[in-house]
Amino acid sequence: MNKCRKIKVLVKGWGELSGCRGDNLGKLLASNGILPLPCGGRGLCGLCRVKILAGETNELTIYEKIHGIKKPWRLACRVTVYDDLIVEVPKISEIKPVVYTLNIPIKNPDPLIKEIHSYKEIQKETFLYKQEHPNSLHTLLFNEKIVMTSPVKVRKILLVDLGTTKIAYQVIDLKGNMIIEDVLINPLVRYGSDIITRMSYILDDPGKLVEMMNDLHTSIEKLARENNVCFILLAGNSVMEHIYLGLSIKSLAVKPYKPVLYGPFIIYTGSYPTLVAPIIEGFVGGDAYSELIASLYMNMSKPYLIIDLGTNTEVMLVTEDKIYVTSTPAGPAFEGFISRGSHIAFGGITRVWIKEIVDEKPVFGYSYIGSPQGLLGAGVLSLVASLYAKGFIDKSGRFVKGYANTDSGKAFIIDHKNNVLFTQRDLREFQKAYAAVKSAWRILLNKAGVNREDLKYVIISGSFGSALSPKDLIVLGMVPLKDEERIVISGNLVLLGLKIMALKRDYYSKYNEIRGKLYHINLADEPNYMDVWVKELYFNS
Amino acid sequence: MNKNVEELMNKLKECLVDLDKECVLDIVKKLLERNVSATEIVLGPLSEAMEEIGELYEEGEYFIAELMEAAGIFKEAMKILEPMIRSESAKMRGKKRMRIVIGTVKGDIHDIGKTLVAVMLQAAGHEVIDLGVDVDSKTFIEAIEKYKPDIVAMSALLTTTARYMSEIIRDIEKAGLRDKVKIIVGGAATTKEFAEKIGADGWSANAIEAVKLVNKLSAGKDEAHE
Chain A
2 MNKCRKIKVL
12 VKGWGELSGC
22 RGDNLGKLLA
32 SNGILPLPCG
42 GRGLCGLCRV
52 KILAGETNEL
62 TIYEKIHGIK
72 KPWRLACRVT
82 VYDDLIVEVP
92 KISEIKPVVY
102 TLNIPIKNPD
112 PLIKEIHSYK
122 EIQKETFLYK
132 QEHPNSLHTL
142 LFNEKIVMTS
152 PVKVRKILLV
162 DLGTTKIAYQ
172 VIDLKGNMII
182 EDVLINPLVR
192 YGSDIITRMS
202 YILDDPGKLV
212 EMMNDLHTSI
222 EKLARENNVC
232 FILLAGNSVM
242 EHIYLGLSIK
252 SLAVKPYKPV
262 LYGPFIIYTG
272 SYPTLVAPII
282 EGFVGGDAYS
292 ELIASLYMNM
302 SKPYLIIDLG
312 TNTEVMLVTE
322 DKIYVTSTPA
332 GPAFEGFISR
342 GSHIAFGGIT
352 RVWIKEIVDE
362 KPVFGYSYIG
372 SPQGLLGAGV
382 LSLVASLYAK
392 GFIDKSGRFV
402 KGYANTDSGK
412 AFIIDHKNNV
422 LFTQRDLREF
432 QKAYAAVKSA
442 WRILLNKAGV
452 NREDLKYVII
462 SGSFGSALSP
472 KDLIVLGMVP
482 LKDEERIVIS
492 GNLVLLGLKI
502 MALKRDYYSK
512 YNEIRGKLYH
522 INLADEPNYM
532 DVWVKELYFN
542 S
Chain B
23 MNKNVEELMN
33 KLKECLVDLD
43 KECVLDIVKK
53 LLERNVSATE
63 IVLGPLSEAM
73 EEIGELYEEG
83 EYFIAELMEA
93 AGIFKEAMKI
103 LEPMIRSESA
113 KMRGKKRMRI
123 VIGTVKGDIH
133 DIGKTLVAVM
143 LQAAGHEVID
153 LGVDVDSKTF
163 IEAIEKYKPD
173 IVAMSALLTT
183 TARYMSEIIR
193 DIEKAGLRDK
203 VKIIVGGAAT
213 TKEFAEKIGA
223 DGWSANAIEA
233 VKLVNKLSAG
243 KDEAHE
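Chains as they are written, first to last, in our numbering: chain A, 2 to 542; chain B, 23 to 248.
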């Protein structure tokens, strides 16, 4: 063991940290909750920017040079502390990304839970209840079978969409009136912004599973307490649900990429009874199941396609008799892993357009939330669509005109002042994710024998999707339809699905029926997947 | 070399870089008619073109589809040239053909990156035995014993599966085969530091770098981490 030579890191506006000479600055800041490490401190996402005001560190690394970082700025995860430091950490803007949740009224609500006033009421039909139940607690009967206790009278329910990056939630009453809707950043971003990185942590140290589970429970319990709800309904992707339930993630992390259990699950979050939505298969989790429920309740004409664009993109094709589902990792390239990317936790550019063309070069306009320091996924997509529509890039994704030659190679400069640019290599990263999404729906349509033109609707769900315009998706050929009218940007469908499950008992009970119709496709197992994907790299193919 | 041949050689390189298959095959035939040796064609314009295509890929100018297409055209040309190269015997001097066993490691079924590396290595004139995906250490070891490769190449897309690489290297050591092969790793989940940590002989960021790495190893240089 090396002896620890104590050093001090003064974080402006925060306080002093102590560490050892040779410590990694990023880890030191992250472990104190000062700064998230979206890519888990691998130097890939370039988002843990800090300013070193004084003190001795290692030299700029290649990772930082790639990200265009210049002293005194550094990427905290690439900094080795050699001596006492004074550091400035940019304030993580308290951004509240807007949630656009379809607010469909629930006709004749028939809630999943019922309050019990006398034990006699339930003795006959119940197989589980607590005899020595403290008087202070309310008892609620869940789905006519299970009795649980809650510290609060049956009046309000908390719905939680536990996303990889964001936690979207709603508080509703038993009639379906929405009382509050908001979003917070998932506390697990400090273990990395993607689920694969988080799973690696757990594989390295199984104790991390409990740590992460506790982090999540603490956040959700706080929401429940603050909003005085009696019951929680929660859905997330398969990995987030496994972590929430404290289930082993091993079978999800390596082949066969299957969940340990499918659910639905009933547990307590603190003292609040919680129902966790069932997992469909593999990486198609309870969140996708909730979206499916929402679409079924809306009773849309079939066949239709649901695409939940995100870090992990789920695609579901609903036909009269079958439901085809698959998922594909797409997020890393949509968000963060480009040279001037950003992460929703920091804010960034959400939309880019070409204002005018001067000397055959595009001049860009943009809108942003928080700060315009980098491009968010929706910003990248709108940028690529406008470049392609105006012929600045060709079908294969090559920059053909109007670009600048920079130190990072060919690039379109979005904003000189803030040093926001988009390089040819960035576009290549985008194309990988773009092709993955197209391959997913292409393969589902093929399996089901459905022609793309016969689709009645394409539903783009998820908060990333909600920032997109159907026009851009059509220009790029990212969706199978070319008719704007039939492309539905639905916003968050997960919360709607949870609301339906909470208030329409029969929808919750449909689980086995729906499960019988599901047909899961593992894209990586498809023998021609690579050929399809390579073809889909072309725009509008 | 007469002027006409020189022009054709230049044109051949250009055509391959432009991914014009008909032109490539046409000029290859014309050059053979003019008694240019197959070895010269491969080591000259075709290799030069593949190198240039690699550079274009690294700049982002070309992408995966172009890379695959170029490798496909190269393979077509090789179908004509290969038999002659064999009869021209040991003229492929200075360019040792390496035998490489490649696979995506256990737990990981991601095929694209690994296949791309295999295709580019073949296009660079090496012999590649592709073990596919989800390959465990037993399969790697059996392949080493059976094919006696110069190099074992391992790929992983997921950080959750990359950890298995060190286990494979340990098992190869235990089987007493470690000094028989060079081991190189790659894939989105790996880094140069990771490769060093697990005791691999080299790492590359992408298919183009992988070709450079293998060429370097074949030239017998020790410093393969680049």
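Hints were generated in silico from the structure; no laboratory data involved. Keep in mind that the hints are not guaranteed to be accurate.
Unchecked claim - Straight line, CA to CA, 25 Å or less: simulated PhoX-like cross-link-like pairs of lysine-lysine:
| no. | chain 1 | residue 1 | chain 2 | residue 2 |
| --- | --- | --- | --- | --- |
| 1 | B | Lys234 | A | Lys66 |
| 2 | B | Lys234 | A | Lys396 |
| 3 | A | Lys536 | B | Lys97 |
| 4 | B | Lys97 | A | Lys251 |
| 5 | B | Lys234 | A | Lys28 |
| 6 | A | Lys411 | B | Lys219 |
Right, here's what the structure says about each hint:
no.	hint	result
1	B:Lys234 <-> A:Lys66	23 Å, holds
2	B:Lys234 <-> A:Lys396	29 Å, violated
3	A:Lys536 <-> B:Lys97	20 Å, holds
4	B:Lys97 <-> A:Lys251	41 Å, violated
5	B:Lys234 <-> A:Lys28	34 Å, violated
6	A:Lys411 <-> B:Lys219	35 Å, violated
Checked against the numbered hints above, the structure breaks hints 2, 4, 5 and 6 and satisfies the rest.
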